[in-house]
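**Student:** Work out the full structure, taking the sequences as your base and the hints as a guide.
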Amino acid sequence: MIPELGHFALILALVLAGAQTFFGIFGAARGDARWQAVVRPAVAGQFVLVSTAIGALVHAFVTFDFSVLYVASNSNSALPTFYRVAALWGAHEGSLLLWAWILAVWTLAVAIASRNLPASFASRVMGVLGFVSFGFLLFTVATSNPFERIIPAPADGRDLNPVLQDPALAIHPPLLYMGYVGLSVAFAFACAAMLEGKLDQVWARWTRPWTTMAWAFLGVGIALGSWWAYYELGWGGYWFWDPVENASFMPWLVATALIHSLAATEKRGVFKSWTLLLAILAFSLSLLGTFLVRSGVLTSVHSFAADPTRGLFILAFLIIVIGGALSLYAWRAPQLRSPAGFEGTAREAFLLYNNIFLVVAAAMVLIGTLAPLIADAVGAAPLSVGAPYFDKLFPMLMLPLGALVAIGIHAAWKRGQLGNNRARILIGLGVALLAGLVLVYGVYGVGKPLTPIGMVLGIWIILSSLFDPVDRLRRRLTLPRAIIGMTLAHIGLGVGLVAISTVESYSVERDAAIAPGETLALGRYAYRFDSIKEIEGPNYDGVRAVVTVLRDGAPVATLHPEQRNYWVQRSTLTEAGIASRWNLDMFVALSKNVGGGRWSVRAQLRPLLDWVWLSAALMALGAVFAVTDRRYRVRASASEPAGETTSEPKMAQGSAAAEAT
Amino acid sequence: MTPRQKRMALVLGIVAGVSVAAWLGMQAFRANVMFFFDPTQIAAGEAPTGERFRLGGMVEKGSVEKTEGTLDIKFLVTDYKHTVRVKYSGILPDLFREGQGVVAHGRMQNGTFVADEILAKHDEKYMPPEVARSLKDNPPPPAPAGT
Chain F
1 MIPELGHFAL ILALVLAGAQ TFFGIFGAAR GDARWQAVVR PAVAGQFVLV
51 STAIGALVHA FVTFDFSVLY VASNSNSALP TFYRVAALWG AHEGSLLLWA
101 WILAVWTLAV AIASRNLPAS FASRVMGVLG FVSFGFLLFT VATSNPFERI
151 IPAPADGRDL NPVLQDPALA IHPPLLYMGY VGLSVAFAFA CAAMLEGKLD
201 QVWARWTRPW TTMAWAFLGV GIALGSWWAY YELGWGGYWF WDPVENASFM
251 PWLVATALIH SLAATEKRGV FKSWTLLLAI LAFSLSLLGT FLVRSGVLTS
301 VHSFAADPTR GLFILAFLII VIGGALSLYA WRAPQLRSPA GFEGTAREAF
351 LLYNNIFLVV AAAMVLIGTL APLIADAVGA APLSVGAPYF DKLFPMLMLP
401 LGALVAIGIH AAWKRGQLGN NRARILIGLG VALLAGLVLV YGVYGVGKPL
451 TPIGMVLGIW IILSSLFDPV DRLRRRLTLP RAIIGMTLAH IGLGVGLVAI
501 STVESYSVER DAAIAPGETL ALGRYAYRFD SIKEIEGPNY DGVRAVVTVL
551 RDGAPVATLH PEQRNYWVQR STLTEAGIAS RWNLDMFVAL SKNVGGGRWS
601 VRAQLRPLLD WVWLSAALMA LGAVFAVTDR RYRVRASASE PAGETTSEPK
651 MAQGSAAAEA T
Chain P
1 MTPRQKRMAL VLGIVAGVSV AAWLGMQAFR ANVMFFFDPT QIAAGEAPTG
51 ERFRLGGMVE KGSVEKTEGT LDIKFLVTDY KHTVRVKYSG ILPDLFREGQ
101 GVVAHGRMQN GTFVADEILA KHDEKYMPPE VARSLKDNPP PPAPAGT
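Residue numbers (this note's numbering), protein chains in the order written: chain F, 1 to 661; chain P, 1 to 147.
Do not take every clue at face value.
[Claimed, not checked] Below, computed lysine-lysine pairings styled on DSS-like, alpha-carbon distance capped at 27 Å:
no., chain 1, residue 1, chain 2, residue 2
1, F, LYS414, F, LYS267
2, P, LYS6, F, LYS414
3, F, LYS392, F, LYS448
4, P, LYS87, P, LYS61
5, P, LYS6, F, LYS267
6, P, LYS87, F, LYS592
7, F, LYS533, P, LYS66
8, F, LYS592, P, LYS74
9, P, LYS66, F, LYS592
10, F, LYS267, F, LYS198
11, P, LYS87, P, LYS74
12, P, LYS66, P, LYS87
13, P, LYS61, P, LYS81
14, F, LYS592, F, LYS533
15, F, LYS198, F, LYS414
16, P, LYS74, P, LYS61
17, P, LYS66, P, LYS81
18, F, LYS592, P, LYS81
[Stated by the list, open to error] Computed, partial: chain P to chain F, Cβ under 8 Å:
no., residue
19, PRO3
20, LYS6
21, LEU10
22, LEU12
23, ALA16
24, ALA21
25, GLY25
26, PHE29
27, ASN32
28, PHE35
29, PHE36
30, GLY62
31, VAL64
32, LEU71
33, ASP94
I should point out that these hints are in silico values taken from the structure, not numbers from a laboratory. Just so it is clear, CB atoms sit at the ideal spot from N, CA and C, and this is done for glycine as well.
**Tutor:** This is the structure:
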C-alpha cells in the first residue's frame with residue numbers, strides 16, 4: 001500500500017511540475033499575476049509529494065518490503081539499518097528519485113529566497129526549474145519506477161553492492177547531487193535573464209550565492225568520492241581519471257570558471273554573455289554527467305542501467321535542454337552589452353585568463369572522456385584513453401593558471417595597477433621559491449620535474465592570498481566575509497597544489513607476496529606482517545591481518561587490512577588498512593592467499609595525501625563564508641548600505657517593482 | 001600601443017595559447033590512446049608489436065597457473081576461437097576468476113601478452129563492452145556436461 005502511495009505521489013508531482021513550468025514561464029510572458037501565483041504553491045506541493053515518495057521508499061527499505069523489486073535488488077535482511085537507508089541511492093531508480101528530491105529542495109529554497117526578486121523573474125526561474133524537474137520525474141515514472149512490485153515477493157533481497165556499504169559512500173551521492181542539481185539554479189537564472197532580455201549587475205548578485213553553494217557541494221561530493229575510492233576500492237589511488245570521475249569533474253571546472261566570471265559581472269558589468277554561456281555549459285555538463293553515469297554507456301561501478309530506452313530518454317532530454325538554452329542564447333546574447341573596458345593586467349583580465357584555462361581544461365577532459373564513446377558510435381576501432389593523457393595535459397594547464405592566480409590576486413579592477421603591488425608579488429614569489437625549494441630538495445628529495453614548480457606555485461598562491469586580509473587586519477579595517485571566503489578558497493587551491501605535487505612525486509608503492517613474520521622494506525619505512533586471523537561481520541566473513549609499520553626500526557603504526565567475502569552477492573572486497581599522520585598516509589591492502597603461507601599485499605606511503613581533502617574542505621568553507629556575506633543577507637532593499645554596486649540594483653529594483661504591480 | 005592594439009595583442013595571445021594547448025593535447029592524445037584487440041585479431045597478426053594495447057576476453061577455465069608464494073601468474077584469454085597466453089606479476093582484482101571476463105593492458109613479447117594491468121568487472125553482471133561485442137561475434141560453445 002505504502003509503495004503505491006509513493007508511486008501515486010510521484011505521478012502527482014510530475015503533474016505539478018508541468019503546471020509549475022507552464023504557469024511559471026507563460027505567466028511571466030503574459031504578465032499575468034494570477035498565473036504566476038500558481039507557481040509557488042506548485043513548488044511547495046511538489047516538494048511535499050516527492051518527499052512523500054522518497055519517504056515511502058525509505059519505509060519499504062527499513063521494513064524489508066522485498067515485494068518492491070528495487071528493495072529486493074538492493075537490500076537484504078542482514079543489511080544494517082544505516083545502509084538500508086543509504087541503499088535508496090544504491091542503484092539507478094533510487095538515485096533518480098534522489099535527484100528529483102534534491103531538485104525539489106533547491107527549488108523550494110529558491111521559492112522562499114526569491115520573494116524579494118521581481119515577480120516575473122522569480123516566476124521564470126521557477127518555471128525553468130519546473131521543466132528540469134518535469135523531465136526527471138517523467139524519466140523516473142516512465143522508465144525507472146522505483147516502486148515496481150515483484151510478485152511473488154522473494155524471501156530475501158539480493159543485498160546492496162558491498163563496495164557501496166561504506167559511510168563515505170552513503171553520503172557521497174547526496175552531496176554530489178546537491179552540486180549537480182544546484183547548478184540547475186544558476187542555469188534557471190540564466191534562462192530567466194535571457195527570457196526577460198535583461199541582464200544587469202544585480203542579476204549577477206542574485207545568481208552568485210546559489211552558484212557558489214552548488215560549486216561547494218560539488219567539490220565536497222567529488223572529494224568524498226575520491227576519498228572513498230582511495231580506501232574502499234582498495235588499490236590506493238585517489239584519482240584515476242575514470243570516466244565517471246571526469247563526469248563530475250567537468251561541471252566542477254566550468255562552475256569554477258562561472259563563479260569567477262560572475263564576480264566580474266557583478267562588480268564591473270563585464271562578460272555578461274560569457275557568464276550566461278558558462279551557466280548553460282555548467283548545467284549541461286551536469287546533465288551529461290548524469291547521462292554518462294546512468295545510461296550505461298560507460299561501464300563502471302556507477303552505471304546501473306543497461307536499458308537502452310533509458311539512455312535514449314536522457315539523451316533526448318539533454319538535447320532539448322541544452323539545445324533550447326543555446327537557441328535562447330543565440331537569440332538574446334547579442335543584445336547584451338558589456339560596456340566597461342579594462343586593461344590587460346586588470347582583475348577582469350585575470351578572471352578572463354582563469355576562465356580560458358578552466359574551460360580549456362574542461363574541454364580536454366571532455367575529449368578524453370568522450371573519445372572512446374565517439375569512436376564506438378562511428379564504428380571505429382575500439383579505443384580507450386589512458387590516464388597518462390590527462391596526467392600529461394592537466395598540469396600544463398593548471399600550473400600556468402596557478403601562476404596567474406598568484407599574480408592576479410593583486411590586480412585591481414579596471415586598471416591592474418600591478419606596479420603598486422610589485423613588492424608584494426616579488427616578496428611572495430621570493431619566499432615561495434625559498435620555502436618550496438627547501439621542501440622539495442631539503443625534505444623530500446629530487447622528484448618529478450614539475451614537482452618544484454607545483455610546490456612553489458602552491459606556496460606562492462597561499463602567500464598572495466594572505467597579503468590583503470592581513471593588511472586589512474593591521475589597518476583595523478573590516479574584513480567582509482566575501483574576502484575571508486575568497487582567501488580561504490584560494491588557500492585551499494594552494495594547499496591542493498602543494499599536496500598533489502607531493503603525492504604525485506614522492507609516493508612509494510610495492511606489491512609483494514609475504515608470509516606472517518616477514519617484513520617488506522619501503523624507503524625508510526618497513527611493513528612487518530605480524531599475523532592474520534579469521535573474522536565475521538554482520539553480513540560477511542573474511543580475514544584480518546595485523547601489519548606494523550616501522551620507521552627506522554621503531555614501530556609507528558599498526559594497520560588492520562581485511563579481505564571480506566559478502567555472503568549474499570558472493571563477492572570479495574578489500575578493506576585497506578590505513579594510518580593517517582598529518583604529513584603521511586601509510587596504506588596496506590591485503591589480497592589473496594597465494595600459497596606457501598604467503599599473502600599478496602600492496603603497501604604504499606603517500607605523503608601529504610590528507611592535504612588533498614583539506615584543500616577541498618577549505619574551498620567549501622570559503623564558499624560558506626562567501627555566501628553568508630552581508631550583502632546577500634541584507635536583501636536588495638531601500639535600507640541597503642552604500643557599496644560598490646548600489647546604484648544599479650536600485651534602478652533594477654525600481655523597474656522590477658513597476659513590473660510586479 | 002593604443003587600446004585597440006592592446007586588445008588585438010590580447011586576442012592574438014589567447015588564440016596562440018589555445019592553439020598551443022590544442023596541439024599539445026593532440027600529441028598527448030595520440031601517444032596515450034590504447035586500442036582493443038581480441039584473441040582472434042591477435043592470431044591474425046592485427047595487433048601491434050611493441051605498443052601497449054588492451055586485450056579482452058574470457059579467462060579460460062583451468063588455464064590459470066600460479067607460482068606458489070609469488071605474485072606471478074599465467075593464464076589463457078580466449079574468445080572461444082583463439083587463445084592468447086598472458087603473463088602478469090602483481091595483485092589481481094578481487095573479481096578475477098576463471099571463466100569470467102577480463103581486460104588486460106600490456107604488450108606482446110615473443111607471442112605472450114605481458115600485462116602490466118589487469119582489470120576485472122565490478123560485479124557479477126558486468127562484462128567489458130568490447131568483450132561482450134567480441135563474444136557476440138564468437139559465441140561460446142555449449143558447455144559440455146560435468147563442468
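**Student:** Of the hints stated earlier, which fail here?
**Tutor:** The structure conflicts with hints 18, 22, 23, 30, 31, although it agrees with all the remaining ones.
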